[in-house]
Every structure is written in C-alpha cells, then in structure tokens.
Amino acid sequence: MKLKTALMLTSGAVMAASVAHADGHMANSMTLVSWGGAYQVSQVNAYSAPYQEMHEGLEVVWDESSAEAVARLRAMNEAGNITWDLVDVVAADAMRLCDEGLAMEIDHDEVLAPAPDGTPASEDFGDFIVSDCFIPQIVYSTTFGYRTDVEAWGGNTPDDICDVFDLENFPGQRSLERRPIGNMEWALMCDGVDQADVYDVLETEEGIARAFAVLDTIADSTVWWSAGADTPQLLADGEVVFGSTYNGRLFSLIEEQNQPVAMMWDAQVFDLDGWIIPEGLPEDRLARVLDFVRFATDTQRLADQALWISYGPTRASSAPLVGQHADLGIDMAPHMPTDPANATRTFLFNYEWWADYRDDMDARFQAWLSQ
Amino acid sequence: MTDNTADTPAGPVLAADGRPLKASLNRALRAQKIRALLLIAPLLLFILITFILPIADMLFRSVENQIVRETLPRTVAAMEEWENHDEAPGEDVYAGLYIDLFEAAEFRRHTRVGSRLNYEMTGISSLFRQAGRGVGRFDTDIYTDQFTDLDAAWADYATWTGLMGDSAIRAALPETAASFDTWVRITIEANDDDPAEENIEDFVYFSLYRDLAGSGYSGSNALLSAAADAVGGFDSISIRDQFEDLDEDWLNPELMETIWVYSPSYTPGYFLTAIDMQLSADGITAQPEDRQIYVTLFGRTLFMSLVIMGSCVLLGYPIAFLLANLPMRVSNILMILVLLPFWTSLLVRTSAWKVLLQQQGVINDILVWVGLVADDSRLQLINNQTGTIIAMTHILLPFMILPLYSVMQTIPPSYVRAAKSLGATDWTAFWRVYFPQSIPGIGAGCILVFILAIGYYITPELVGGRTGTFISNRIAYHISSSLNWGLAAALGSILLGVVLILYWIYDRIVGIDNVKLG
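Residue numbers (this note's numbering), protein chains in the order written: chain A, 1 to 371; chain B, 1001 to 1518.
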C-alpha cells in the first residue's frame, strides 16, 4: 500500500512538473518511430495515450519504420531535414547511430526520471545503458519454441541449447535466423566452449571454423528466417519442429493462439530495445521529446508496457510492478525473459564485439550459407 | 559554255525570301525543335532532378572516400614520409594522429571514420571509439605545465593571439599555428565557448614543443626565443608510447597500412570488394575463400533471371496465343484471370506461395494423398532456388503475356489461312508464318521480365532460403543494416553495367527495333 501511495505521489509530482514546464516552448506534435505490431500497440497504450491525456492538443504520429531506421536517419541527416523526433531501435543500431553521429548523446541522470526511491536513472537501468545515446526500454530475448506433439521425439522435450544441434534425439526441421549473431555463439557453446570464452574463441580463425562445423551438422534441415513472424508461422504449420525467434512472438503463439508449442529458455540471447533522439532537432521539438521521454521511461510506464507484451522492463525498479496481461488476465512475470526461472542460463550479446566483427562475420556467414 | 548559269543554276536553291532554302528550312525546324524541347522540359527537368541526379549521386559513393583524408589530414600527410611499411611508423605520424583524433572526437567524427575503416579491417571501429575518449587523457599536459612554468604568459590567450597574428611566426611554427587554429575552431564550433575564457588545450603546447625542439626558433620574439632555449631541457614523452598504452593494436603496422591504403579521396576499394577482391598492402589480391560471395551471387542472379525469363516464355506464349485467337467474350474473361494476380499485393502472392509450396503445404499434401510422394520424403519446393523460380515466374508472367498478346493481335489470321491453303501443315504454318511474326513480342517480354527479375528483392528474400537469394538482397543489407553505402553503390553500379551490356548485346543480336510492345 505504501509503495502505491509513494508511486502515486511521485507520478503526481512528475505530472505537476511537466504541466508547470508547459507547453509554450514545446512543439505541438511529435513523430515517434517504432516497429509496428503488438509491440507498438503496447507502447501506444503505456506511453503515448496517457501522455496525450495530460497534454491536450498534442498530436502524436507513429511511424513503423524502425527496421530501416539507421539508413533513413542517415539519409535525413544528409538531406538536413530530420522529420523524426524519437526512434525505437535495438541496442546494436543505437550504437551504430551513436558512432555515426546521428543520435544525440545524453546524460541519463539528467534526462531520465529517477526511480521512486530516488535511485538515479543510470543506476536503475544499470548495465542496460550500452551507449551514450541509448535510452533502454525493454529486454527481449531470442529464444526457442518447439512443437509439443512431435512423435519422433518419443516424449522427450528439449531443455538444453545443444538439443537444437542434436538431430538424433530431436529429428525434424529447425528454423534459425539468417544472420551470424546468436547462431555462432550457440554453436560454440555446444562445441564445448565455456560461455565466458565464446567471444575470445570466435575471434580466431579456428573458432570460426568450429562454429561453422557445428552449424554444418544441421544446415540441411534448417529454414533460415529473416522476419520475426516466420518462425511462429512455420511452427504453427508444423513446417519446423524447433525454431528461434523473439520471445514475445512465441508468447503470442502459445498463449493467444493456443498452438501446441512450448518455450525452451536455455541460453536465450538477451537483446535490448530502446529510444534514441536524433541529432539536430530544433529546440521546441527537442524540448517536447525530452519531456515525453522522461515520462515514458519512468518506473510505472515501463512496468505498464509489460501488460500488453511479454518483454521485460529495463529498470530494476519496474520489475516488481509488472502485473497481469491486459486482455488475457494471466500473470506476466513468468513469461518475462528476465524471470529467474527462465533466466537460468542467458547471455547478453556483446555489442562492442559485434560492432567490430559484424561486417566480417556477416560476409563469412553469407558465404557459408550460399555454398 | 559562256552563259548557261541561267538554265542550270550552280548556286544554292533560294527560298522565297531570298535566303538559301537549306538555311531557311533549318531555321524553321530549329524553332520547332526548341518548341518541342520546351514542351517536354518540365518532365525532363523533373526526371533529371528527382531520378537521374540522386541515382548518379548514390552511384558516385562507390568510389568516394574523402572521409579518411578529411578527418585525419595530419596523419595522412605525415605518412608520406613513412618508409618501412613492415614496421609501425614513427613519432610524427602518431603526433598527427593524436591531434587529428582529438579534433575528430570533439566534433564526434572519429567513430564515423572508425566505422568506415572497420569495413576494411575488423576491430578498427572500437579502437577509434576508445581513442576518442583516450586522447583527451594523454600525458601531454607535461608540456603545458613546463611552458607555463617557464613563463606564465604562455597561459594567456592574448599572448597566443599576438604570436599567431604574426605571419613570420606562423611560418616559423607551422604545426603550432595549425594546432592553435584547430583549437580555436573546436572551442567556438564544437563547444560553443569563447576562446578567450578557456584554457588552451594540451595539444597546442605539444605542437609548440615539437616545432621548437624540431627546428628551433631564430626570430626576434623574446618570449619564443626564451622558450626555444629552454625546450632542450624539457621533460618529454613519446606520443607513440601513449598510443601503445591506450591499446597496443595502434602500433600494428597492418592498422596503419589500412589507414594509408584508404587515405586517397577516391578508392577502387568498394568495387574490388564487390568482385571478391581486396585492396591491401600487397596491392590487389583475392578475398580469402570463406569470404567470397559477390561473384557467386551475381552469377546466380543472372542465371536464375534467365531461367525465370525462359519459363515465362514457355508458360506465357500459349496463354497469349489463346487470348489473341479466342472469341472476344472468352478472351476477355481469360484476360481478367491474367490481370487479377497483377492487382494483388506482391507480399500476399509471395506468402501464398509459401503456404502452397512448403513441406506441410497444399501441394505436398496433395502429392502425398495421391501417393506420388512418400510422407517422410516430402519435396523441398521452397526456401531454395526452386521456390524463388516458381514464385517469381508467377509474379512476372503478366509482363510476358501482355506484350505477347498485343503483338499477336496484330498478326492477321489470313496469313496462316493462306499458308494452309498453299499446303502447309498446322505446324509448318505456325512455325514458318505465325511464330516469326510474334518474335517482337517475345523480345519485348523477355527484356521486361529479365530486367525486372535481375533487380528483384522481396520475393527472393522471403522464399529464397540459402540458395535462392539474389545480389539485390545483399545490396539491401548494405544500405539498411551495415550502412556500407559505398559497397552497396558499387554492387548497384555493377548490376546496372551488366544490364546495359546485356541490353547492348540484345540490340546487336535481335535488334531493338524488332521489339514491340503493341
């Protein structure tokens, strides 16, 4: 009860502050960019709709272009006309945009609200702040779903990442993402490499050869996907029995569409999604965006988002506030990738490492694929 | 012979107004041409500005490479003196690199050049990102301290503006002058501060030390003369060691070589990468085998486009023949069937093919049910070349049928009847009389289908799997994910070049005048 009052008081204070700021020097419309689909719906419900209620007359335009945000922002920057105000991107893209000078560097403690107990934002978000430009929102993971009705498995269910590469005990088609990130790490882990050493091994020619050798064993029974919706469709049709995709997609397949599919959380790869503010916004729009971002990333708002989708909030202080799904009425906490029961073995992929090795590794991976 | 000019005039024919007829005609025609040109000028300008220029600008990026030289000018200049490329260069290059990186970091450009060079050598990206923070913490403050201890005037902005306003001193201290200008620019442009109120950065004193210690000072300025006498006794540091402390990779000759190889403003590097070669210290070499992909993809794109074109001819010709020869009422209904998929979204059609062709899909189910295929060895019809060819043939078929149909409609049926009445069999009449007249339609359809197929992107991406993707999928990847626009532009230029060459060959063999769209 106390917590709730405290929360209400803080959000009241935040509200009062933002009203007091009001609104004269702020732009009256803003363009937010996200990924579309259920994820964007959760953002509208949790962030922009309540914000609009507080600010009458504010126009919010949503653009579903996050998939090509990096290229579009570079083109806008070259044309000298930034039409976006706030862009939702994955952490790796945020780093790239920051490196290219296309995203604004921010002081997290200054721009973002502290936790209700006063913990500064940089501590509340902790390690999830992977770049000076990045404002974390959610943790999602790339993990596996498998069909629960495969006769050939003789009642066994996979519970280890290496089962993906075990065609003997778990025969059938798999689906994996058509890019090296994630796949190379899993392959090495199943070749006896300790999780802590994966990136060191992957830096050597020998290590790369080892990873490809493991992938070779299942290459002929694998469908390589490039859109997040592929694996759920393939699983639902029985085209594959085992496949990787984003955990929110699997949640919707299992809980909302009631397909005979279950999750395998072992060695899930954590990834982050968050906002970046484009570099070079005019003053009034920047003021509006900073005001919105402070609201949309506070403790309660991040916890609210988890009511509509099974992606975990990045603030430590939001985790205890996660409640029940808005429509299904089931507890969301056990479906979060960050839930202790699901997170027995996880890794947050190494952004710095991939920023360096991505181009080279991708060339090798594509060359390997097209053999 | 004397006076026959009146009968056969040797001079030019004259128009009514007495001018030569030829000139008069030309004038009239020129006016007409200008009028015609003016009429199409808006469209021409529109296409030029919104289509041709952006494409040219984009393709130009395939050779453009100013970023290295512009961001690291001192480094590149100092590298001219670098002789033994098997060893890391000397102090001068690193001194240049220090100031270049400092400036770039203030303007947040260092990571940009880092990502550019990372395309050529893995690891440079993070080295530059680190260095952006690291160069500010170099121990070059010992020079600042020693100069200001020597004479407190060295800390004064006024002292510096006085010295740097004198062109003789600027000429005597070239590095210092350049560094000072850089510092003023950083303070005003990057930090929005007033130089008079800021402390002068260490790198300016570092340059002053290098100038004075290197070539001394023989002018008349007392402050400088005193400093020049004193620098001999100054403590000094090696800037090269500072870089080594930051990360020992900075002393890797290969890294410095990469900067050097990619320092010219224009580079063939992207084009070489696009044909699986690379520009390295030893000149142009082949990429390691496990990274060769583009030549394979170009070959595959061409081959599959040809196959798709061929299957479109085989499937489209009979349909177009039917359309052209059936009574109007029936052929109109057939025509709607041809056009219907044409009006359906490309994504929907591609996804429909997925559902049809997958192993648990409709076609495999039917084959299993009929008993042609065993349940455990269902055919792999999608996520490979077969899938791409089937889906794309279907999608591009209307582009073959429509030109064929409009050409066939103009072939008079009486020709075939005449051939038959002269004793030709059905086949001979078709092959010797009808078919040759339909060739312009085949030509037009083939060109359309082939050129559309070669640049196709969505369908191969969705159903191509491992072996059915096109070069355009890599171009899209480099535009939207890796941001390597130079390489994307090079791949695109090559694709454009290949299409133009094929068009030229086609013109030589078939003749472009023989192509009819109707």
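Accuracy of the hints is not assured; some may be wrong.
[Unchecked claim] The following residues of chain A were derived to be distant from chain B, with all beta-carbon distances above 10 Å:
id	residue
1	Thr31
2	Ala71
3	Pro116
4	Gln233
5	Val269
6	Gly323
7	Ala333
8	Ala355
9	Tyr357
10	Leu369
11	Ser370
[What the hints assert, rightly or not] Straight line, CA to CA, 20 Å or less: simulated SDA-like cross-link-like pairs of lysine to any residue:
id	chain 1	residue 1	chain 2	residue 2
12	B	Lys1354	B	His1394
13	B	Lys1354	A	Gly238
14	B	Lys1354	B	Leu1322
15	B	Lys1354	A	Ser221
16	B	Lys1354	B	Met1335
17	B	Lys1420	B	Trp1431
18	B	Lys1354	A	Gly172
19	B	Lys1033	B	Leu1045
20	B	Lys1420	B	Ser1406
21	B	Lys1354	B	Asn1332
22	B	Lys1354	A	Glu352
23	B	Lys1354	B	Glu1461
24	B	Lys1354	A	Glu177
25	B	Lys1354	B	Ser1377
26	B	Lys1022	B	Leu1038
Hints in this document: simulated from the structure, not taken from any laboratory. Being a predicted model, the structure only gives us computed values, none of them experimental. Each residue gets a CB set at the ideal place from its N, CA and C atoms; glycine is no exception.
Evaluated hints:
1. At roughly 19 Å, the least C-beta separation between A:Thr31 and chain B is larger than 10 Å, which holds for a residue marked as non-interface.
2. The claim that A:Ala71 lies off the interface is violated: its Cβ sits roughly 4 Å from the closest Cβ of chain B, which falls inside the 10 Å cut-off.
3. For A:Pro116, the shortest C-beta to C-beta distance to chain B comes to about 33 Å, beyond the 10 Å cut-off, and the non-interface label holds.
4. Taking the minimum C-beta to C-beta distance to chain B, about 8 Å, the non-interface status of A:Gln233 is violated against the 10 Å cut.
5. Distance to chain B confirms A:Val269 as a non-interface residue, since its nearest Cβ pair spans about 18 Å, more than 10 Å.
6. The Cβ of A:Gly323 lies farther than 10 Å from every Cβ of chain B, with a closest approach of about 36 Å, so its non-interface assignment holds.
7. With 10 Å as the threshold on Cβ separation, the claim that A:Ala333 sits away from chain B holds: the shortest Cβ distance comes to roughly 34 Å.
8. Distance check for A:Ala355 against chain B: the nearest CB is about 6 Å away, which does not clear 10 Å, and the non-interface claim fails.
9. With a minimum CB-CB distance of about 6 Å to chain B, A:Tyr357 fails to clear the 10 Å threshold, and the non-interface call is violated.
10. At roughly 5 Å from the closest C-beta of chain B, the C-beta of A:Leu369 falls inside 10 Å, breaking its exclusion from the interface.
11. With 10 Å as the threshold on Cβ separation, the claim that A:Ser370 sits away from chain B is violated: the shortest Cβ distance comes to roughly 6 Å.
12. For the proposed pair B:Lys1354 and B:His1394, the alpha carbon gap of about 13 Å is at most 20 Å, so the pair holds.
13. At roughly 13 Å between alpha-carbon atoms, B:Lys1354 and A:Gly238 fall within 20 Å of each other, so this suggested pair holds.
14. Of the pairs offered as hints, the one joining B:Lys1354 and B:Leu1322 is violated, with about 29 Å between alpha carbons and a cut-off of 20 Å exceeded.
15. In summary, the hint linking B:Lys1354 to A:Ser221 is supported, as the alpha carbons are separated by about 17 Å, within the 20 Å threshold.
16. With a CA separation close to 25 Å, the supplied pair B:Lys1354 and B:Met1335 exceeds the 20 Å bound.
17. Using a Cα cut-off of 20 Å, the hinted pair B:Lys1420 and B:Trp1431 holds, with the two alpha carbons roughly 12 Å apart.
18. In summary, the hint linking B:Lys1354 to A:Gly172 is supported, as the alpha carbons are separated by about 19 Å, within the 20 Å threshold.
19. A threshold of 20 Å between alpha carbons decides the hint, and for B:Lys1033 with B:Leu1045 the separation of about 17 Å falls inside it, so the pair holds.
20. Annotation: proposed proximity of B:Lys1420 to B:Ser1406 is violated, straight-line Cα distance about 24 Å (limit 20 Å).
21. For a cut-off of 20 Å, the pair hint linking B:Lys1354 to B:Asn1332 is broken: about 30 Å separates their Cα positions.
22. A threshold of 20 Å between alpha carbons decides the hint, and for B:Lys1354 with A:Glu352 the separation of about 37 Å lies outside it, so the pair is violated.
23. Pair hint B:Lys1354 plus B:Glu1461 holds up; C-alpha atoms about 12 Å apart against a cutoff of 20 Å.
24. Straight-line distance between C-alpha atoms of B:Lys1354 and A:Glu177 comes to about 17 Å, which keeps the hinted pair within the 20 Å bound.
25. This hinted pair checks out: B:Lys1354 and B:Ser1377 have alpha carbons roughly 18 Å apart, not beyond 20 Å.
26. Of the pairs offered as hints, the one joining B:Lys1022 and B:Leu1038 is violated, with about 24 Å between alpha carbons and a cut-off of 20 Å exceeded.
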